[in-house]
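Peer 1: Sequence:
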Amino acid sequence: SDPGAWSQAETTEGVQIPNPWIDCTTLEEAGKLAGFSIAAPDALEGYPEKQIAVIENEIAEVTFNNEDGQEVCFRKGLGTGDISGDYNDYAHTETRTIGDKTVTCKGSGSLVYNAAWNDDTYAYSILSTAGMTAEQLTAWVGSLA
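Numbering follows this note's numbering, with no gaps: position 57 of the sequence shown is 57.
If you're looking for bench data, these hints aren't it; they were derived computationally from the structure.
Check the hints yourself; a few may be wrong.
As the list claims (entries may be wrong) - Only pairs whose alpha carbons sit at most 35 Å apart, straight line, appear in this in silico DSBU-like list of lysine-lysine: (1) LYS106 with LYS50; (2) LYS32 with LYS106; (3) LYS50 with LYS101; (4) LYS32 with LYS50; (5) LYS101 with LYS32.
To be verified - Computed Cβ-Cβ distance ranges for the label pairs, DEER-style: (6) GLN16 with SER143: 32 to 42 Å; (7) ASP120 with GLY14: 40 to 50 Å; (8) GLU67 with SER37: 44 to 54 Å; (9) ASP100 with GLU135: 12 to 22 Å; (10) VAL15 with GLU45: 38 to 48 Å; (11) ILE22 with ASP42: 13 to 23 Å; (12) ASN57 with GLU135: 27 to 37 Å; (13) VAL15 with GLY99: 40 to 50 Å; (14) ALA43 with GLY14: 39 to 49 Å; (15) THR95 with GLU45: 26 to 36 Å; (16) GLY142 with GLY85: 15 to 25 Å; (17) THR133 with ASP42: 16 to 26 Å.
All C-beta atoms in this analysis are idealised placements derived from N, C-alpha and C, irrespective of residue type, glycine included.
Could you build the full structure based on these sequences and the hints that come with them?
Peer 2: Spelled out as structure tokens, the structure:
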């Protein structure tokens, strides 16, 4: 996905819709605005840039970017629907058990690009434009809470 798509306001018939995302500097700040706590990795190897953003009382996300334009986005939101914002079609969709979570994984070949699950209160997703290996998937799913 295009990281700029999340940070720009959309225009409909000449009327600008305000950007609902609020930038945050810490996970604690994000949690206060979101209305729930979020835990995600502090850093990702190979992804030196990190942004934290919230749609107030709805979704919190932590996005890591690298110099090649690749990104990994961790999201947590209220409810049990798909919060990934990813509407791509993938070669395969499968369900994997990772720890105590039942994770819907969408990908191609051996890589997963979209992982999503819920716990009946919150929905979670991890998107990786470069794809996640099985090892990354397991570690990253375990890190998002």
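Peer 1: Next step is simple, just say for each hint if it's right about the structure.
Peer 2: Against the structure, the hints come out as follows:
With a C-alpha separation of about 24 Å, the suggested pairing of LYS106 with LYS50 holds against the 35 Å cut-off. The suggested pairing of LYS32 with LYS106 holds, with an alpha-carbon distance near 31 Å, which does not exceed 35 Å. Taken as a hint, the LYS50 and LYS101 pair is honoured in the structure, with Cα atoms around 26 Å apart against an allowance of 35 Å. For the hint pairing LYS32 with LYS50, the CA-to-CA distance comes to about 19 Å; that is within 35 Å, so the pair holds.
With a C-alpha separation of about 25 Å, the suggested pair LYS101 and LYS32 falls inside the 35 Å cut-off, and the hint holds. Taken as a hint, the range 32 to 42 Å holds for the pair GLN16 and SER143, whose Cβ atoms sit roughly 36 Å apart. One distance hint, 40 to 50 Å for the beta-carbon pair ASP120 and GLY14, holds here, with the actual separation near 42 Å. Checking the proposed 44 to 54 Å range against GLU67 and SER37 shows it is violated: the Cβ atoms sit about 31 Å from each other.
Roughly 19 Å separates the CB atoms of ASP100 and GLU135, a value that falls within the hinted 12 to 22 Å. Between VAL15 and GLU45, the C-beta spacing of about 43 Å keeps the proposed range 38 to 48 Å intact. With their beta carbons about 21 Å apart, ILE22 and ASP42 fall inside the hinted range of 13 to 23 Å. Our hint of 27 to 37 Å for ASN57 and GLU135 holds, since their Cβ atoms are close to 34 Å apart.
Remark: the range hint 40 to 50 Å for VAL15 to GLY99 is upheld by a beta-carbon distance near 45 Å. Look at ALA43 against GLY14: about 42 Å separates their beta carbons, and that is inside 39 to 49 Å. The hinted range of 26 to 36 Å is satisfied by THR95 and GLU45, whose Cβ atoms lie roughly 28 Å apart. Between GLY142 and GLY85 the beta carbons are some 22 Å apart, a value that agrees with the proposed interval 15 to 25 Å.
Our hint of 16 to 26 Å for THR133 and ASP42 holds, since their Cβ atoms are close to 20 Å apart.
Violated hint for the displayed structure: number 8, the only one.
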